[in-house]
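> Construct all of the structure, not just a fragment, from the sequences and the given hints.
Chain order of the listed sequences is X and R. When the count follows UniProt numbering, it moves up by one through the first sequence with no breaks and lands on 530 for the last residue. When the count follows UniProt numbering, it moves up by one through the second sequence with no breaks and lands on 530 for the last residue.
If you are wondering where the hints come from, they were derived from the structure by calculation, not from laboratory data. If you're wondering where the values come from, they're calculated on a predicted model, not measured in any experiment. Accuracy of the hints is not assured; some may be wrong.
[Unchecked claim] The list that follows gives simulated cross-link-like pairs (lysine to aspartate or glutamate, EDC-like), each with its CA atoms no further than 16 Å apart:
{"id": "1", "chain 1": "R", "residue 1": "Lys381", "chain 2": "X", "residue 2": "Asp185"}
{"id": "2", "chain 1": "R", "residue 1": "Lys365", "chain 2": "X", "residue 2": "Asp185"}
{"id": "3", "chain 1": "R", "residue 1": "Lys516", "chain 2": "X", "residue 2": "Asp167"}
{"id": "4", "chain 1": "X", "residue 1": "Lys155", "chain 2": "X", "residue 2": "Glu271"}
{"id": "5", "chain 1": "X", "residue 1": "Lys155", "chain 2": "X", "residue 2": "Glu272"}
{"id": "6", "chain 1": "X", "residue 1": "Lys381", "chain 2": "R", "residue 2": "Asp253"}
{"id": "7", "chain 1": "X", "residue 1": "Lys155", "chain 2": "X", "residue 2": "Asp167"}
{"id": "8", "chain 1": "R", "residue 1": "Lys155", "chain 2": "R", "residue 2": "Glu254"}
{"id": "9", "chain 1": "R", "residue 1": "Lys46", "chain 2": "R", "residue 2": "Asp28"}
{"id": "10", "chain 1": "R", "residue 1": "Lys365", "chain 2": "X", "residue 2": "Asp182"}
{"id": "11", "chain 1": "X", "residue 1": "Lys245", "chain 2": "X", "residue 2": "Asp264"}
{"id": "12", "chain 1": "X", "residue 1": "Lys412", "chain 2": "X", "residue 2": "Glu86"}
{"id": "13", "chain 1": "X", "residue 1": "Lys245", "chain 2": "X", "residue 2": "Asp278"}
{"id": "14", "chain 1": "X", "residue 1": "Lys155", "chain 2": "X", "residue 2": "Asp264"}
{"id": "15", "chain 1": "R", "residue 1": "Lys245", "chain 2": "R", "residue 2": "Glu219"}
{"id": "16", "chain 1": "X", "residue 1": "Lys381", "chain 2": "R", "residue 2": "Glu254"}
{"id": "17", "chain 1": "X", "residue 1": "Lys365", "chain 2": "X", "residue 2": "Glu93"}
{"id": "18", "chain 1": "R", "residue 1": "Lys155", "chain 2": "R", "residue 2": "Asp28"}
{"id": "19", "chain 1": "X", "residue 1": "Lys516", "chain 2": "X", "residue 2": "Asp474"}
{"id": "20", "chain 1": "X", "residue 1": "Lys365", "chain 2": "R", "residue 2": "Glu93"}
{"id": "21", "chain 1": "R", "residue 1": "Lys365", "chain 2": "R", "residue 2": "Glu90"}
{"id": "22", "chain 1": "X", "residue 1": "Lys516", "chain 2": "R", "residue 2": "Asp253"}
{"id": "23", "chain 1": "X", "residue 1": "Lys381", "chain 2": "X", "residue 2": "Asp148"}
{"id": "24", "chain 1": "X", "residue 1": "Lys155", "chain 2": "X", "residue 2": "Glu254"}
{"id": "25", "chain 1": "R", "residue 1": "Lys380", "chain 2": "R", "residue 2": "Glu90"}
{"id": "26", "chain 1": "X", "residue 1": "Lys155", "chain 2": "X", "residue 2": "Glu275"}
{"id": "27", "chain 1": "R", "residue 1": "Lys381", "chain 2": "X", "residue 2": "Glu254"}
{"id": "28", "chain 1": "X", "residue 1": "Lys365", "chain 2": "R", "residue 2": "Asp182"}
There are 2 protein chains.
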Amino acid sequence: MDAVASPPRPPLYIRMNERDNVAIVANDGGLPAGTVFADGLRLVEKVPQGHKVALVDLAAGEAVRRYDVVIGRAARAIPAGSWVHERLLEMPEARSLDGLPIATVRPPSLPPLEGYSFEGYRNADGSVGTRNILAITTTVQCVAGVVDFAVRRIKAELLPRFPNVDDVIGLEHSYGCGVAIDAPDAIVPIRTLRNITLNPNFGNEVMVVSLGCEKLQPERLLPPGSFTIVDERNVADVGESADAKLDVVCLQDEAHVGFMSMIDSIMATAEEHLERLDARRRQTVPASELVVGVQCGGSDAFSGVTANPAVGFCTDLLVRAGATVMFSEVTEVRDGIDQLTSRAVDAEVAAAMIREMAWYDDYLKRGSVDRSANTTPGNKKGGLSNIVEKAMGSIVKSGSAPISGVLAPGEKLRQRGLIYAATPASDFICGTLQLAAGMNLHVFTTGRGTPYGLAQVPVIKVATRSDLARRWHDLMDLNAGRIADGEATIEELGWELFRLMLEVASGRRTWAEQWKLHNALVLFNPAPVT
Amino acid sequence: MDAVASPPRPPLYIRMNERDNVAIVANDGGLPAGTVFADGLRLVEKVPQGHKVALVDLAAGEAVRRYDVVIGRAARAIPAGSWVHERLLEMPEARSLDGLPIATVRPPSLPPLEGYSFEGYRNADGSVGTRNILAITTTVQCVAGVVDFAVRRIKAELLPRFPNVDDVIGLEHSYGCGVAIDAPDAIVPIRTLRNITLNPNFGNEVMVVSLGCEKLQPERLLPPGSFTIVDERNVADVGESADAKLDVVCLQDEAHVGFMSMIDSIMATAEEHLERLDARRRQTVPASELVVGVQCGGSDAFSGVTANPAVGFCTDLLVRAGATVMFSEVTEVRDGIDQLTSRAVDAEVAAAMIREMAWYDDYLKRGSVDRSANTTPGNKKGGLSNIVEKAMGSIVKSGSAPISGVLAPGEKLRQRGLIYAATPASDFICGTLQLAAGMNLHVFTTGRGTPYGLAQVPVIKVATRSDLARRWHDLMDLNAGRIADGEATIEELGWELFRLMLEVASGRRTWAEQWKLHNALVLFNPAPVT
Ligand SMILES: [Ca+2]
Ligand SMILES: [Ca+2]
Ligand SMILES: [Ca+2]
Ligand SMILES: [Ca+2]
Ligand SMILES: [Ca+2]
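In structure tokens:
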């Protein structure tokens, strides 16, 4: 490999707010003891990259502030220039859900952003797809092996005849039977599966493979009237027809004699849907048709400094353009709940957020844990000392717009603007629930690095650090580390991401699509299995 | 299709015990009102196949007996010859876990069965594989897309050079991060994954793909000393070496530059393991090396009449041959707990069974349900009115041998004989937990029909009815419906299954293997996700 040596960068720390008494070290590889910053601060010990340095002498018990928030109390006296690692921080209690500020902030109204568009697939139900995919819904894990077999055959034998169709996928999952389907919490996985079936990228073409004896019967998964059925005889004849029948291949159907008869049924059914999908063409639609889900995973201290603020800026652009943006991950906003309730458009939205936080507090408590179970070894290695600090860096993805709606896990969007979609922070569960909400584009920020991808929607991955972006040059779609390097501003990166979104929504492939990296659908099932 | 008409069968009902006051209709398609049986009983209404008919007049509130057990009370007076469907049965309360009979039954000691063997792969740890598979362990769902990509390349480019290796698979799952890994119940999914890695069919070759920042670090999944590491330099030099290192490909390793460098690392690591696996040969081993997991799914009223009793007879043969048999599915034995505690070899084993039942009762209660959440629409359509009746038909898979041990979910076997491995009844979760216990052969009975299969072990599927076996002729490996047809006895079918097991263990492919039907590993995680 050839490499051109760059001149060493001057020592740099990044402070998020002028009231903060700690900052993080920006330089690759960290900085040694004795390093002197431009303002005269001298490191009394080595501080790794992304980790915190005390800007002033901190007394034992003193509040340690970052993002202008108390991320903990000093466990002992900490001299200026020291490494403030997680063992020196005592984590505060979770903010009580009583007495929160409700819709107190009137954010400066954001001027509309007009004239931006992308090339998308308009659907009969009014939504717009960014991809044109045949998705085969499954009611139960029992049919997964058969559907896999059929999908391989469809891709090899049918798909070449339908060049306008991007892909054929089975919507496989572990739910559907062997579960307490009448438990109160079973509504979460059931509506998640129902709503994923209706994701805009599947063109309102609904076909189902069922076993026959499973608990999650097709009519329970997709009750009559739950979606607009495209009439099977004629693509022009679209509408909510009372006579339209759910298109189900049932493996236990007595007409099936021999394994290949099941495969033949699935293929024949798929072919009808492929014909209609193949007749569709992209058309120019306003940027307001974007439905973006944002999340982070493999976070480090740069997540909240580079990638997430750029996403937050872009979130504001999207909201100004009339689009929909979902942010999620309950345990990563729990410690900033006061920021969210104050940004709610009204008391009802704030109450819905509090309801979701309270539900999750209780859910975690039933399992004898709390929100602090969120942080990972990688987070801590990356400089994030605790969930409070992680949350402050995560929440900035939501930008500054008013929060106009809240979704419980698995619910489908009913409105535009900035939406809080309550989900676990687990990358796969969050992504699966955002798919159910109706996401047509996914933005994922990462500091430690993850090859995350979904078969259902394009995923734009944003690196928080240039080192990661360099090493993972064919996995990361955008390098927000340039902000820490002083090569781009948050605003510039935000605009770059916005333009990249429009391109990807129009068909440009992401790296995860290039390599066909597909993670599993993982359902959130808070109810028991049987 | 040509078909030769068979003479219609005489009307037949099947009574399980002479004290029963109901029996099930055996004939295909059920029997119409007016049908008269050989003993003079006349049907007062149509009764579907597998459903119950009252053999005598039942008074309102009278105990309805099947398998010599009270499966419910008559909701109203039921005349002889009536269809006793689920709405006519009031389900009894679950048997209290106090005051159970403990180790009271001394089953007639079963004479040893000698001289049976199969051709298996002996492993360094003493276990025996029935297949020779390279399994790539993953710590976290994040790496699944990359591992899928690598496995496709390994199969296409490396596997043809190693003809003695049956398959290469990724052990993918939804666990590893975004989970409350320090919650008390997290021990279940973690030990499940650990023990699956050590399944006998993987030849003690352990290789791991890790992301790097995940909660389930490789050293936490497989702590030093948790398994016998095959020395990497020399296949002959096998043993527990303190210096041996866990063979991990970490995607976030700084040495990885570009996606293909990750794939190259995985392939190079896989090649070393493939070389050693390929050098192995099958050798004759006694039948006592079989470790059989039995379960049922898609059950009907015939499950407990044909397939499960045949499996139970075969279970006794296996125990007599010194082999290991696991039966499972907590909610399907809960109503027969008194039968199990009385068959326990000692008080300790009985106490362990009670502990597992109590744990599950509590787990279901936390989710506001009970054991009755088990039954499915298909069960009821197939004639099983409630969980008590289903359980009586399920429990017979355990045969008559003393129960010599109990495993909590995810634990690994430490002894031979008949073992109660406590698992949910969910087919995939049960199969996954039996894999973790060390199963090298899986037996699955089904009445409604399921194409169930696993990539990790061969699955022998046994049909409860001839109609299913005829239609699913290339999915069902054995037809126990011949028992109901009067063409074979339970003993004959049990012996047939025993011989089929030895053949399949020796390499004969099952139908699920023929079509490569693979269901997902589904972990039992009673702890919260974050
Ligand atoms: Ca996150
Ligand atoms: Ca996440
Ligand atoms: Ca190696
Ligand atoms: Ca069962
Ligand atoms: Ca089962």
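> Hey, R:Lys155 versus R:Asp28, does the alpha-carbon distance stay inside 16 Å?
Violated: R:Lys155 and R:Asp28 sit about 45 Å apart, past 16 Å.
> Does R:Asp28 sit within 16 Å of R:Lys46, going by the straight-line distance between their CA atoms?
holds, 13 Å
> For a C-alpha distance cap of 16 Å, please report whether X:Lys155 and X:Glu272 respect it.
Holds, at about 14 Å.
> Hey, X:Lys155 versus X:Glu254, does the alpha-carbon distance stay inside 16 Å?
Between X:Lys155 and X:Glu254 the Cα gap is close to 27 Å, so the pair fails against 16 Å, i.e. violated.
> Need the status of pair X:Lys516, X:Asp474: alpha-carbon distance at most 16 Å?
Holds, at roughly 12 Å.
> Hey, R:Lys380 versus R:Glu90, does the alpha-carbon distance stay inside 16 Å?
With Cα atoms ~14 Å apart, R:Lys380 and R:Glu90 stay inside 16 Å; holds.
> Check the hint pairing X:Lys381 with R:Glu254 against an upper bound of 16 Å on the C-alpha distance.
holds, 14 Å
> Taking 16 Å as the top limit, are the C-alpha atoms of X:Lys365 and X:Glu93 close enough?
holds, 14 Å
> Decide if the proposed pair is consistent with the structure: R:Lys155 and R:Glu254, CA atoms, cutoff 16 Å inclusive.
Judged against 16 Å, a Cα distance of about 27 Å means the pair is violated.
> Given the hinted pair R:Lys365 and R:Glu90, is their alpha-carbon gap at most 16 Å?
violated, 21 Å
> Can the restraint linking R:Lys365 and X:Asp185 be considered satisfied, given a maximum Cα separation of 16 Å?
Given that 16 Å is the threshold and the Cα spacing comes to 13 Å, the pair holds.
> Compare the distance between the alpha carbons of X:Lys155 and X:Glu271 with 16 Å, and conclude whether the hinted pair is satisfied.
Given that 16 Å is the threshold and the Cα spacing comes to 11 Å, the pair holds.
Checked against the numbered hints given earlier, the structure breaks hints 1, 3, 8, 11, 12, 13, 18, 20, 21, 22, 23, 24 and satisfies all the rest.
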